[in-house]
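Enquirer: Sequence:
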Amino acid sequence: MPDGLADSNLTYPEIMYDADIHYMQRCLAIAQMGRYGARPNPLVGSVLVKDDVILAEGWHEKAGLDHAEIMVLKNAGDKARGATLYVTLEPCSFTGKTGPCCDALIEAGITRLVYGMVDPNPQVSGTGLERLCAAGIVVEGPLLESEARSLNPGFIKVMQTGMPYVRCKLAMSLDGRTAMASGESKWITGPQAREEVQRYRAMSGAVVTGIETVLNDDPGLDVRSDSIRCEQPLRVIVDSSLRISPQAKILQMPGNILIATAESSEELIADKKSDLDNDRISILSCANSAGKVDLERLLRHLVEEKQCNDILLETGAQLAGAMLEAGLVDELITYIAPKLLGSDARPLFNLPGLKHMAEQIELEILEVAMVGKDCRMRSRVIGAGWSLLSLK
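Just add 181 to the spot in the sequence shown (first one is 1) and you have the working numbering.
Keep in mind that the hints are not guaranteed to be accurate.
Said to hold, decoys possible - Distance ranges between label pairs, derived from CB positions:
(1) Pro519 x Lys260: 50 to 58 Å
(2) Arg481 x Ala200: 42 to 50 Å
(3) Gln488 x Lys454: 20 to 28 Å
(4) Lys367 x Asn459: 21 to 29 Å
(5) Ser524 x Met551: 23 to 31 Å
(6) Asp456 x Gln304: 36 to 44 Å
(7) Lys367 x Ser524: 18 to 26 Å
To be verified - In silico PhoX-like pairs for lysine-lysine, Cα to Cα no more than 25 Å straight-line:
(8) Lys454 x Lys430
(9) Lys536 x Lys554
(10) Lys231 x Lys255
(11) Lys487 x Lys453
(12) Lys453 x Lys430
(13) Lys255 x Lys243
(14) Lys430 x Lys473
(15) Lys487 x Lys454
(16) Lys473 x Lys487
(17) Lys454 x Lys473
(18) Lys473 x Lys536
(19) Lys231 x Lys260
(20) Lys554 x Lys520
(21) Lys367 x Lys520
(22) Lys554 x Lys367
(23) Lys243 x Lys487
(24) Lys487 x Lys430
(25) Lys367 x Lys430
By construction, these hints were calculated from the structure, which means they are not laboratory data.
Beta carbons are placed, not taken as given, at the ideal position from N, Cα and C, and that holds for glycine.
Go ahead and model the full structure; you've got the sequences and the hints to work with.
Expert: Have a look at this one:
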């Protein structure tokens, strides 16, 4: 129980009614309706119930628009009085772009609230529940907390650590190769897997790649899908020496671009910016002691200045290996194609620092599924204390 939540109206029952679980599962499902629009805000789903009848449903559709609870109340009108509200995330208690949801719930006259998880935002973190309890509303939860947490790993991690949740997307042959020795890589995986990657891009605040991938593959890395409507994620290019060409395809696609460089010369950066001649492009100078881009500093910048909670890393073996070795990757999404490319083909990661078995990077497999003819494996890096403790 969070500190300060000892009010008699707030309960944490070990066993919830089957109906409560059913309605919370519905909340979890409809929260996904905001998957491509809510960022950087969390996904939230809510259901209003009275006498075992659903009166209204709501979800957070887009940042700046109504929260899930407010959508429910607007849809229900006067019917909300005396009802139970189910919601995946604790109602907010502060005024941001919208007013406090807990105040609206009190005014609407609900008598019971069942929540999935406490809000990790320090501005809320239990205060919304306290306010509802003080108003005489029965508050119960958390319910299906692990499932509620899994909706928003980026939001939770940012609130707890200041760092984003990084997914590294990989595509490889059955023998662990990503491209032929020449660099040829189109296409290892099939169309269904490539379409799924569009969804991962759409749900991310930023897509990060390296300059070698840009020079070798000339990708666009934008969201290209007739079935997805979203704002284009920020595309980030790690380019230590500012080698990118103004003609690169990634610079021609819609959406904003951030180039992270180790160059510190203001004159050189200004010349490159003039050469690129594109108002959508910004350049961040952030070098580490080795004269490379400081990857941790870059990720913090993406959180603090760009409000990117979820990052998708789509890059080659060198940058992927550097991110993994630095402990900056939370999850691997690996598409395995039923093909063999041979021992001369390029490897999945460049990890020269690993010399002994004791140095191995261990993974926890979360999910294995078929996507067309390819196999998708989701795995989490073991040893990153935050992910193990905070995401059940």
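Enquirer: Holds or violated: Lys367 with Lys430, Cα cutoff 25 Å?
Expert: 16 Å, holds
Enquirer: Does Lys473 sit within 25 Å of Lys454, going by the straight-line distance between their CA atoms?
Expert: 20 Å, holds
Enquirer: Would you check the hint for Lys487 and Lys453, treating anything up to 25 Å between C-alpha atoms as holding?
Expert: 22 Å, holds
Enquirer: Taking 25 Å as the top limit, are the C-alpha atoms of Lys554 and Lys367 close enough?
Expert: Satisfied, since the Cα-Cα distance of roughly 16 Å is no more than 25 Å.
Enquirer: Looking only at beta-carbon atoms, does the pair Arg481, Ala200 fall within the given range of 42 to 50 Å?
Expert: 44 Å, holds
Enquirer: Sort out whether Lys473 lies within 25 Å of Lys430, counting only the CA atoms.
Expert: The hint holds at about 24 Å.
Enquirer: Are Lys367 and Ser524 spaced within 18 to 26 Å by their CB atoms?
Expert: Taking Cβ atoms as reference, Lys367 and Ser524 lie about 21 Å apart, which means the hint holds.
Enquirer: Does the Cβ pair Gln488, Lys454 satisfy 20 to 28 Å?
Expert: 23 Å, holds
Enquirer: For a C-alpha distance cap of 25 Å, please report whether Lys487 and Lys454 respect it.
Expert: The given pair, whose Cα atoms are some 19 Å apart, holds under the 25 Å limit.
Enquirer: Would you mind confirming whether the straight-line C-alpha gap from Lys473 to Lys536 stays at or under 25 Å?
Expert: Satisfied, since the Cα-Cα distance of roughly 23 Å is no more than 25 Å.
Enquirer: Tell me if the straight-line CA distance from Lys255 to Lys243 falls inside 25 Å.
Expert: 16 Å, holds
Enquirer: Starting from the range 23 to 31 Å, see whether the pair Ser524 and Met551 falls in it by beta-carbon distance.
Expert: For Ser524 and Met551 the Cβ distance comes to about 27 Å; the hint holds.
In the structure shown, a violation is registered for the earlier hint numbered 9 alone.
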